[in-house]
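> Here's the letter readout for the chains.
2 protein chains.
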Amino acid sequence: MHKQTTNGHSVAKTNRLETLFPLLAWLKTYQRETLISDSIAGLIVAIMLVPQGMAYAFLAGLPPQMGLYAGIVPLFIYGLLGSSRSLAVGPVAIASLMVGEAVSQHAQAGTELYLATAMVLALLVGIILLLMYLLRLGSLVNFLSHSVITGFTSAAALMIAVSQIKYVLGLEFPRGHGFPETLGNLIGHIPQTSLITLMLALSAFAVMWFSKNHLATVLAKLGCSGLLAGSIAKAGPMFAIVLGVALVELFQLDQAYGVSVVGDIPAGLPAFHLLPVDLSWWQSLLPAALLIALVGFLESVSVGTALASKRRERIKPDRELVALGFANLGAAFTGAYPVAGGFGRSMVNDASGAQTTVASLITATGLALTVLFFTPWFYSPPKAVLGVIVIMAVLPLIDLSGIKSTWRFNRADALTLIVTFAMVLIAGVEIGLLSGVALSIALLLQRNSHPHIAIVGRVGDSEHFRNIKRFDVKTNPCCLGLRIDENLYFANTRYIEDEVMAVVAEQPQLQHLVIICSAISFIDASALETLEMLKDNLQESGVTLHLADVKGPVMDQLKQTRFIEHLAPGQVYLSTHEAMRDLCDL
Amino acid sequence: MHKQTTNGHSVAKTNRLETLFPLLAWLKTYQRETLISDSIAGLIVAIMLVPQGMAYAFLAGLPPQMGLYAGIVPLFIYGLLGSSRSLAVGPVAIASLMVGEAVSQHAQAGTELYLATAMVLALLVGIILLLMYLLRLGSLVNFLSHSVITGFTSAAALMIAVSQIKYVLGLEFPRGHGFPETLGNLIGHIPQTSLITLMLALSAFAVMWFSKNHLATVLAKLGCSGLLAGSIAKAGPMFAIVLGVALVELFQLDQAYGVSVVGDIPAGLPAFHLLPVDLSWWQSLLPAALLIALVGFLESVSVGTALASKRRERIKPDRELVALGFANLGAAFTGAYPVAGGFGRSMVNDASGAQTTVASLITATGLALTVLFFTPWFYSPPKAVLGVIVIMAVLPLIDLSGIKSTWRFNRADALTLIVTFAMVLIAGVEIGLLSGVALSIALLLQRNSHPHIAIVGRVGDSEHFRNIKRFDVKTNPCCLGLRIDENLYFANTRYIEDEVMAVVAEQPQLQHLVIICSAISFIDASALETLEMLKDNLQESGVTLHLADVKGPVMDQLKQTRFIEHLAPGQVYLSTHEAMRDLCDL
Chain A
2 MHKQTTNGHS
12 VAKTNRLETL
22 FPLLAWLKTY
32 QRETLISDSI
42 AGLIVAIMLV
52 PQGMAYAFLA
62 GLPPQMGLYA
72 GIVPLFIYGL
82 LGSSRSLAVG
92 PVAIASLMVG
102 EAVSQHAQAG
112 TELYLATAMV
122 LALLVGIILL
132 LMYLLRLGSL
142 VNFLSHSVIT
152 GFTSAAALMI
162 AVSQIKYVLG
172 LEFPRGHGFP
182 ETLGNLIGHI
192 PQTSLITLML
202 ALSAFAVMWF
212 SKNHLATVLA
222 KLGCSGLLAG
232 SIAKAGPMFA
242 IVLGVALVEL
252 FQLDQAYGVS
262 VVGDIPAGLP
272 AFHLLPVDLS
282 WWQSLLPAAL
292 LIALVGFLES
302 VSVGTALASK
312 RRERIKPDRE
322 LVALGFANLG
332 AAFTGAYPVA
342 GGFGRSMVND
352 ASGAQTTVAS
362 LITATGLALT
372 VLFFTPWFYS
382 PPKAVLGVIV
392 IMAVLPLIDL
402 SGIKSTWRFN
412 RADALTLIVT
422 FAMVLIAGVE
432 IGLLSGVALS
442 IALLLQRNSH
452 PHIAIVGRVG
462 DSEHFRNIKR
472 FDVKTNPCCL
482 GLRIDENLYF
492 ANTRYIEDEV
502 MAVVAEQPQL
512 QHLVIICSAI
522 SFIDASALET
532 LEMLKDNLQE
542 SGVTLHLADV
552 KGPVMDQLKQ
562 TRFIEHLAPG
572 QVYLSTHEAM
582 RDLCDL
Chain B
2 MHKQTTNGHS
12 VAKTNRLETL
22 FPLLAWLKTY
32 QRETLISDSI
42 AGLIVAIMLV
52 PQGMAYAFLA
62 GLPPQMGLYA
72 GIVPLFIYGL
82 LGSSRSLAVG
92 PVAIASLMVG
102 EAVSQHAQAG
112 TELYLATAMV
122 LALLVGIILL
132 LMYLLRLGSL
142 VNFLSHSVIT
152 GFTSAAALMI
162 AVSQIKYVLG
172 LEFPRGHGFP
182 ETLGNLIGHI
192 PQTSLITLML
202 ALSAFAVMWF
212 SKNHLATVLA
222 KLGCSGLLAG
232 SIAKAGPMFA
242 IVLGVALVEL
252 FQLDQAYGVS
262 VVGDIPAGLP
272 AFHLLPVDLS
282 WWQSLLPAAL
292 LIALVGFLES
302 VSVGTALASK
312 RRERIKPDRE
322 LVALGFANLG
332 AAFTGAYPVA
342 GGFGRSMVND
352 ASGAQTTVAS
362 LITATGLALT
372 VLFFTPWFYS
382 PPKAVLGVIV
392 IMAVLPLIDL
402 SGIKSTWRFN
412 RADALTLIVT
422 FAMVLIAGVE
432 IGLLSGVALS
442 IALLLQRNSH
452 PHIAIVGRVG
462 DSEHFRNIKR
472 FDVKTNPCCL
482 GLRIDENLYF
492 ANTRYIEDEV
502 MAVVAEQPQL
512 QHLVIICSAI
522 SFIDASALET
532 LEMLKDNLQE
542 SGVTLHLADV
552 KGPVMDQLKQ
562 TRFIEHLAPG
572 QVYLSTHEAM
582 RDLCDL
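Protein sequence lines correspond, in order, to chains A and B. Going by the numbering used here, the first residue of the first sequence is number 2, and it counts up by one from there. Going by the numbering used here, the first residue of the second sequence is number 2, and it counts up by one from there.
The set of hints was computed from the structure by calculation and includes no laboratory data. It cannot be assumed that every hint is accurate.
Remember, identical chains collapse to one label, so a pair may be satisfied in a single copy or spanning two.
Dumping the calculated DSS-like pairs for lysine-lysine here, alpha-carbon to alpha-carbon at most 30 angstroms [said to hold, decoys possible]:
1) K560 x K213
2) K235 x K470
3) K405 x K536
4) K470 x K29
5) K552 x K470
6) K552 x K235
7) K213 x K536
8) K475 x K552
9) K405 x K470
10) K317 x K470
11) K317 x K560
12) K317 x K222
13) K311 x K470
14) K213 x K317
15) K235 x K311
16) K475 x K213
17) K222 x K475
18) K560 x K405
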């Protein structure tokens, strides 16, 4: 990736700097073409991010400029620290929903406290990500199975889409608690739909739909270069906003027809904010911040990994924790709210030719110029248009198509998906997500808690021992070989104890029981305790317990304890063959 | 166990009845000797249970008669429904602590509401146990690893012992919130120790200690039969109570010296109680009830299993859920509080010769006679003596001796034990227990999330393929065999994806990657998704993914999906040998 100098010390130093700032390594081979490519991608993303930032902030119950601010300092920081060449960081839909849900439990919408709470949330998300880096806890995302993520994302996207319909229809009613109430309110208020607002929304939708599906082709036919045509086509949301603002201004839709608009956007760069320190307030926000951090990190790493793989490269999850952590701290102190790497914009960034995080720096510059000079263009955007932008962005996330095939493939996963989806809608994003995680882990343990156990016998005169149910083998009623096909740990010890005692209860002549450990590569303390008890219980009923085929690492583990002494007169045999020959005359 | 009639229908019917009421089967072979044996055991347990019941009720903040009532109807019910011959059900120490903690959060001690809340808790525990039976959720106890149980039990026992010291010293201060406050209060009030109370407590301790350790020997020397001497020796707590009551009465210790006594015990059998139905109140008690049910069921099944194993018998955990469920319902409606199978009394019951649950019926009869006729004997027992009885009962449960050896055996288990122990003391029994469970599962997933992955090569000209790090094998830079030694599921998919891409990134010439699935017996939906993504990502970087050595059940699973079609041009090979021969010219 970079030239190595002959001076070892200098190499180490350079590498260290380049580990901290991956951009430095990329800049070494940076060329004019790379800059052009990065600039185009950065500008296209900026043009997407301006309307999306406003719309997502609005979704979180925040003023539109907070969404724009979330695209400035955090992006500069990610550009310096990020290890993904084309991840597009900034405000994202699901995190915005989660911020809205969390903040509205602590403050009244529209108050100073509401805004401050959103910023504190960004601060906490940043701190949590950095702690996850320091404690090497990035693997916490492993707790989120594919089914949980699909169920969660689909339900969250559905909640988001439904929450925006009221703006599309121009309805006015207070924010409900949870999805069922929101849906009920929405249905109850449908008769009060404002037709003017709905028409405005439909025009915005038409503009965006046409831009997305046909504009590039039309422009290409008109002689426009493919690259330019593609870039212009991605500006659909921008066209929709500009059109909406123009229509409102032109026909005084807000004053004459009561079309709702978001407040004005103040011009100027975001100011530095000091945040109030109140530990009990922070503590109450902690669970929400933890989930926003996890979900944001997961989304960023997933899309970052996918984009890097295409180049046979890898992102470094640990570096991403640092980059996203500081990006969120940047958001917190510049009047913004939690950010993450967004799925849609990252795809566009990559497809538009982003080669390095210079593209992020360009995007951030674009946003900064926008808030400095172009806010009059976005004077009081109509809420209906922002609603349409949000709906168009989240609809592709609703993906329940796989339930049927998942059901066939693995019932437990399908059940997890359905329960997560339903719980998010019924009980909210946080409880829903946690229920999904708990269920997926419970079902996993449930599956692991019934390992396969086989009684084995000798195959002919060979040294092989096989399951008596599948092979014609020799056995001896005084002596039994039992193979357990799973590691021994707390989730299955009770089952194994039960099964072993059941086998013993059926064999009145039994004197020796040999547990064959060829498939056991790990024993935890619960299982050790169970083995001790099993040995005692067997002894009291006149049966001696032996082990055979114990793997090296397991034997090392057992030697740390007094189990092998306690086992006497039972023994540990090297192989099943030896055990059965010595004990059972087989 | 019982004679079978020749009439099949009748056999089925009888067996069904005997499944519901295990006692019926035992009564078929019941003889005079069995009755004598059961009666002796039942009476000994009754003599233990009278003082323990009062002391445990007191520990839960309840009047002493509630502890006695908990030994009547619930024991009759368990006697009819229980599948363990010698489990001694009734009030137990840790459940009493949990009841006290839960109830005192909802009601003022000493009020009617406090008593009603304890009964509702028994009702909920009963309902939960019966639901666990209906939903086949008995395996929920598998979530409690040995380390969690040891940490939890030790901390709970320590809390119980410390909570009783104030009565032993005759101190008066309000019940604190949590262990640290209780301990602080205790230490702060030590200067106010009442010497008379302390001496009373020490006398009770001396009586119990002597009974436990020396009385049997002394009686035997005096010519008493071994059985009788052993039985009398177990009545230590009873002697202590009677002595305490006598001393208080004789010297008017309560009025003249301010020695605290528990209120009088009303004579007469418990009345039938209707419980107030208030769903929101019930709901707030649900988490506590769930944990009390789990912990009680776990204790009962553990000791029941251990006792049954000695006879080469098994208890049926499902029947225990039913028996304990109804026993708790019985407790709820007869003015008692949650019950479980106790460790200490069950051991005594078994050792004293209990052959069937007739022993439980005898114990219950003994308790019923006590509340009918003998309450004057236990007139106003001094709190200090009850405190000593509780402390003596729980001290053996504090068992942290194994931490050191557990640490050597398995760090994760030792960590779980220590964290559970500390969290129970700091944050209370419920949060402590849940933290322990969460940590043990997290550490398990953490361990499982880094499976062993080996690059393999051909051993000589054989059909065997082995780890290139351990064997001298042939490989081909264009074609790689990768063996994954673990089932593929959500906890390890990201690691595996990462490792695979890392291997690929290091092999610029690579064209074919063969994943060897010989150790994979299960693939979940997350892993399937990862395989799909891996295939796409590899394809984009010019590498074709293949599978080899896929086990039958896994292949069946994959055939339910379109993965194998999507894999093309990648293929599924029967063996590594074939794959490497065809793809790699090896």
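> Could you place K470 and K29 in one of the four classes (within, between, both, neither) given a Cα distance threshold of 30 angstroms?
Close neither inside one copy (66 angstroms) nor across copies (36 angstroms); limit 30 angstroms.
> Under a CA distance limit of 30 angstroms, which applies to K222 and K475: within one copy, between copies, both, or neither?
neither (81 angstroms within a copy, 57 angstroms between copies)
> Could you figure out if K235 and K470 sit no more than 30 angstroms apart (CA to CA) within one copy, between two copies, both or neither?
neither (64 angstroms within a copy, 50 angstroms between copies)
> When Cα atoms must be at most 30 angstroms apart, do K475 and K213 count as within-copy, between-copy, both, or neither?
For K475 and K213, neither the intra-copy (72 angstroms) nor the inter-copy (53 angstroms) Cα distance is at most 30 angstroms.
> 30 angstroms Cα cut-off: does K213 pair with K536 within a copy, between copies, both or neither?
Intra 70 angstroms, inter 29 angstroms, cutoff 30 angstroms: inter-copy only.
> For K552 and K235, with the copy left unspecified, which applies at a CA distance of at most 30 angstroms: within, between, both, or neither?
neither (59 angstroms within a copy, 47 angstroms between copies)
> Check K405 against K470 for me: Cα-Cα at most 30 angstroms, and say if that holds within a copy, between copies, both or neither.
Answer is neither: 35 angstroms inside a copy and 43 angstroms across each miss the 30 angstroms cutoff.
> From the Cα coordinates, with 30 angstroms as the cut-off, is the pair K560 and K213 best called within, between, both, or neither?
neither (67 angstroms within a copy, 37 angstroms between copies)
> Tell me, please, which holds for K213 and K317 at an alpha-carbon limit of 30 angstroms: within, between, both or neither?
neither (33 angstroms within a copy, 64 angstroms between copies)
> For the identical chains here, do K475 and K552 meet the 30 angstroms Cα criterion within one copy, between copies, both, or neither?
both (25 angstroms within a copy, 27 angstroms between copies)
> Could you figure out if K317 and K222 sit no more than 30 angstroms apart (CA to CA) within one copy, between two copies, both or neither?
Answer is neither: 43 angstroms inside a copy and 78 angstroms across each miss the 30 angstroms cutoff.
> My question is about K552 and K470: at a cut-off of 30 angstroms on alpha-carbon distance, are they close within one copy, between copies, both, or neither?
both (25 angstroms within a copy, 19 angstroms between copies)
When held up to the earlier numbered hints, the structure conflicts with 1, 2, 4, 6, 9, 11, 12, 14, 16 and 17 and fits the remainder.
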